[in-house]
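Novice: Please build the complex by placing chain R on the supplied structure of chain G, with the hints as guidance.
If you read the protein sequences in the order shown, they are chains G and R. Anchor point for the first sequence: position 82 equals 82 in full-length UniProt numbering, and the numbering is continuous, going up by one each time. Anchor point for the second sequence: position 71 equals 71 in full-length UniProt numbering, and the numbering is continuous, going up by one each time.
Derived from the structure by calculation, the hints contain no laboratory data. Positions of the beta carbon are idealized from the N, C-alpha and C atoms, including for glycine. Certain hints may be false.
As the list claims (entries may be wrong) - Looking from chain R toward chain G, a few residues come up when the C-beta cut is under 7 Å (computed):
no. : residue
1   : V77
2   : A162
3   : P168
4   : I169
5   : L170
6   : I171
Stated by the list, open to error - Quick list of the computed label-pair ranges, beta carbon to beta carbon:
no. : chain 1 : residue 1 : chain 2 : residue 2 : range
7   : R       : V77       : G       : R48       : 56 to 62 Å
8   : R       : E25       : G       : D122      : 27 to 33 Å
9   : R       : E25       : G       : M81       : 46 to 52 Å
10  : R       : N106      : G       : L94       : 37 to 43 Å
11  : G       : H111      : R       : E115      : 31 to 37 Å
Listed below are the residues making up each chain.
2 protein chains.
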Amino acid sequence: MSTLETTPSPPEQKKVFLAAVDESEESMHALSWFANKILPASSSGHHRSTLVLLYIKPPRSLYLYPDDAGHMFSADVMTAMDKYRNDVAECVMLKAKRVCNEAAGNNDHHHVKVETMIENGDARDVICQVVDKLCVDVLVMGSHGYGPIKRAFLGSVSNHCAQNVKCPILIIKRPTSN
Amino acid sequence: MSTLETTPSPPEQKKVFLAAVDESEESMHALSWFANKILPASSSGHHRSTLVLLYIKPPRSLYLYPDDAGHMFSADVMTAMDKYRNDVAECVMLKAKRVCNEAAGNNDHHHVKVETMIENGDARDVICQVVDKLCVDVLVMGSHGYGPIKRAFLGSVSNHCAQNVKCPILIIKRPTSN
Chain G
1 MSTLETTPSP PEQKKVFLAA VDESEESMHA LSWFANKILP ASSSGHHRST
51 LVLLYIKPPR SLYLYPDDAG HMFSADVMTA MDKYRNDVAE CVMLKAKRVC
101 NEAAGNNDHH HVKVETMIEN GDARDVICQV VDKLCVDVLV MGSHGYGPIK
151 RAFLGSVSNH CAQNVKCPIL IIKRPTSN
Chain R
1 MSTLETTPSP PEQKKVFLAA VDESEESMHA LSWFANKILP ASSSGHHRST
51 LVLLYIKPPR SLYLYPDDAG HMFSADVMTA MDKYRNDVAE CVMLKAKRVC
101 NEAAGNNDHH HVKVETMIEN GDARDVICQV VDKLCVDVLV MGSHGYGPIK
151 RAFLGSVSNH CAQNVKCPIL IIKRPTSN
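So that you can see chain G by itself, here it is in the shape it has in the complex (with noise of 0.2 Å):
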């Protein structure tokens, strides 16, 4: 056994973390766990850490199944299921920043820059484009980046991300014990 004499990061090592999240509880459980175990001390210093909270809108044929026997859609139901998958996005975002704000109240002092960004497609793909785009220095998601229907049909995202993304990537699971 030896020792290892370590301290926070210097300040000019300015991070940037991407946070995958959707409406799953594994996906907030790991933004909470993230934001409260790791985040305040990884962006110590007198440096600003930004954390960009992603939130990727599914393709509306994930929301037709089981339902869609093939059959046209009316403009009507198109919109509705338009409106809806704008209603979820801006619901996760609300619940993810309410996250990060619960994580400043157990903490204090250094200021890490919360941003949004939501986008569309096949979150496996786009998580990586958007890794690349920020040059994100850690990618944080939790065990599945998908809710557990899409999930079901579409496998998990994070399996995806932990062999395509170049950074490193920290994935959360939500305890299953207690």
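Specialist: Showing chain R alone in chain G's frame:
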């Protein structure tokens, strides 16, 4: 955009970090990145966190491929093989502790206890078992827990762990560019 006030974790939050290391460059890069970028701040405060360096000696059979044509090996060969496995384990641990000491040289003040652990078996199973046994807070590993040869036969350890460990897992890839 909102602002999040943060500060290092409370002193009572003593953490156990588990870094799975092996002879691969990905593994040492992951340990170095974590020890320099995350560990210092995450372990800041007046508490003592522990970083456990875990190396898993792979089964003898892995060292026999592709020369194992099914014939018996003499006791001398087996003894030499075991000595080689022990030498590799010792070499990996020396490199890993050097990485930690270099990170310590870049930092200051706070103490992180560094411990080493050498186990035998399939890294995928052993890592998951050790995570449970030590009540690990964060598992840290490279994008591959095996070297290039063994990986080809045993697949990605990080994928397996990401799907099976209960604790948060930080997967760090070695940059392909620069």
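Novice: If a hint holds in the structure, say so; if it does not, say that too.
Specialist: Each hint, compared with the structure:
1. V77: violated (34 Å)
2. A162: Given a least distance of 5 Å, the restraint on R:A162 holds.
3. P168: holds (4 Å)
4. I169: Holds. Min distance 5 Å.
5. L170: Interface hint status for R:L170: holds (5 Å vs cutoff 7 Å).
6. I171: holds (5 Å)
7. R:V77 to G:R48: 56 to 62 Å: holds (60 Å)
8. R:E25 to G:D122: 27 to 33 Å: holds (32 Å)
9. R:E25 to G:M81: 46 to 52 Å: Since the Cβ atoms of R:E25 and G:M81 sit about 48 Å apart, the hinted range of 46 to 52 Å holds.
10. R:N106 to G:L94: 37 to 43 Å: holds (40 Å)
11. G:H111 to R:E115: 31 to 37 Å: holds (35 Å)
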